[in-house]
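Position chain B against the provided structure of chain A, taking the given hints into account.
Protein sequences appear in the order of chains A and B. Just so we're aligned: 143 in the UniProt record's numbering is position 143 of the first sequence, and the numbers increase by one with no gaps anywhere. Just so we're aligned: 77 in the UniProt record's numbering is position 77 of the second sequence, and the numbers increase by one with no gaps anywhere.
Hints may be right or wrong, so weigh each one.
[Unchecked claim] Only some residues are given here: those of chain B computed to face chain A with a beta carbon under 7 Å:
hint: 1; residue: A16
hint: 2; residue: R17
hint: 3; residue: I34
hint: 4; residue: K36
hint: 5; residue: M48
[Stated by the list, open to error] Not the full set, but computed from the structure, chain B residues with beta-carbon under 7 Å of chain A:
hint: 6; residue: G20
hint: 7; residue: K46
hint: 8; residue: L47
hint: 9; residue: C54
Keep in mind that the hints were calculated from the coordinates and are not lab data. Note that CB positions come from ideal geometry on N, CA and C, so glycine has one too.
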Amino acid sequence: MQKISGKSVQNGTAIGKIKVYTKIGTPVKRIHVNNAVAEILRVEKAVNQAIMDLQNLYKIAVNGAGEDSAAIFEVHQMMLEDEDYNDSIRNIIEHENVNAEFAVARTNEIFSDIFASMEDEYMKARAIDIKDISNRLIHILTGEEENILSDLKEKVILIADDLTPSETVQLEKSMILAFVTVHGSLTSHTAILARTMNIPALISVPIENINELDGKIGIIDGKEAVLYIEPDDNTIEFYEKAVLEEEVQKKLLLELRGKPTVTSDGKEIHLCANVGNIGDIAFAQSNDADGIGLFRSEFIYLGSKDYPTEEEQFQMYKQALQLMEKKKVIIRTCDIGADKQVDYFCMDKEENPALGYRAIRICLDRVDFFKTQLRALFRAAVFGSLSIMYPMIISLDEVKRIKEIVSEVQTELETSGIPYAKHVEQGIMIETPAAALISDELAREVDFFSVGTNDLTQYTLAIDRQNGKLDSLYDKHHRAILSLIKMAADNAHANGKWIGICGELGSDLELTKTFLDMGIDELSVSPGMILKVRKRIMEL
Amino acid sequence: MKNFKYIIKDPVGLHARPAGNLAKKVKEYESKVIIKKGEKAAEAQKLMTVMGLCVKQNDEITIEIDGVDEDRAYLEIQKFFEENF
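Same shape as in the complex, but just chain A:
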């Protein structure tokens, strides 16, 4: 039995088999071959194998998700049979005497570049399909395992060096018992995800050879921040009891579902959920959220290999609104940049990304890109109760500029005769000290405020939230932060507007009373925290 300590980001106990995730996608090497004919045969076999795999996937998808969702696998088969694509691979092998993997990778570049450079949005997006089929071939040729994140077969404790936001997006969440990362900080995305899912998670666990752990039995003790590997019988017995007790506690909390979030003296709080994608909405509903207080639209960008189209976005937003029925859904516009990077944005490397080109700054610079999202949002708003929230605001001018762009978008939709909602509640994030300090002016221009406490803390205390070394200085209860929140709350109320808190502080039970005293109208927390916060409020 081995016992390793780390930092806990979410309490709870889990016992199960360990699955180690190491990054795949090692670059394909160029290798000289003497027998080009043999390489070509390898490719032909791989293509046949890929087509067979796709036929199976098609069948599974038709039964599981229906004809429409399955169609993509049929298209991929057809693309794999394309003469030009296959000729290109063959030519590269013959003329350059190189290995099959390299020829496929080169062909992928050539063809995906052609599609990516097309003007038509639909065709542009087909570059992804070329990459997909090429990766499939390369996987078959190298015998590499497919990406395990979306293909977990049993419930596991997932151990990784670190997980990027785009990796967490792909996770098959129902199969995760707990997270353990070797790196990561208390406010990293793994931490946020663990809180959303309400499952135990440890970070900064100094594991030496993580690959050796794959398939072994592990125990996570979130309270003590300990990971056990190959535990002995006594330890297993002890923690099996703990797991059972937690289930009983969870059941007790679930009895609070359907109850209003009201303090003993009758003050009602709107208690909403923060979600990162469509799948999280199920967690929000099972925990009885009053609405979605923060819908991070980034997942649409992070989960995609190219700019998501208006139609793709529209469908996602519409689905989110319909899933929540008439309940309010606050969608935050694109908050890419800083710690959330995507390749296709082609952004320059920055010295200080957290203080750099991100969120609304990108949107106000690349207006067409911003308009695509706004059009999708205003169109989707017809299908439910949507509010739009803009991140990283520092000035009144930004808000005025956003309003101009919104009115342009509405005019464009109007003249094209496309259905859209004319009146959509629009608010801003208070996540910079600047926004809090000028919240008197801002409150006059917007419908609501929502405080993003993670960024507000990082900017007020000048502490990089990704830097684990500074975790001890990251004083979440710092008086400076609470003063800024109070200032924003007073200014919102003075102008007849409402204010919510959607950062991690919203679920900090030690501060619940403080926030209620400030008159905060809404708390938006991880789905797993909703019932705990409700319990706390009912006790006040």
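Same frame as chain A, but now just chain B:
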């Protein structure tokens, strides 16, 4: 050689899946089938090249069929377009 003009009615145009079906269809014939849109042309059995034409709704394309079985191919492919695009 035979040819016909066709205006695409399908709202999504000649996109991946129907283009793939077309590519399969024309492999039934010995004749060479070419799709022309303006200056650009593509062999109908080459899916990616056809997709590269970016044929959209209301675009007019010309389909040229040349070969020993062109009469049969002409009728059947014309029907295929009417039914699918």
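Structure-based check of each hint:
1. A16: Holds, because the Cβ-Cβ distance from B:A16 to chain A comes to roughly 5 Å (cut-off 7 Å).
2. R17: With a closest approach of 5 Å, the B:R17 hint holds.
3. I34: For B:I34, the interface hint is violated, since the closest Cβ of chain A sits about 14 Å away, which is over 7 Å.
4. K36: violated (18 Å)
5. M48: holds (5 Å)
6. G20: With a minimum Cβ separation of about 3 Å from chain A (threshold 7 Å), the hint on B:G20 holds.
7. K46: holds (5 Å)
8. L47: holds (5 Å)
9. C54: At 5 Å from the nearest chain A Cβ, B:C54 passes the 7 Å test, so the hint holds.
Comparing the model with each earlier hint shows violations of hints 3 and 4; every other hint is respected.
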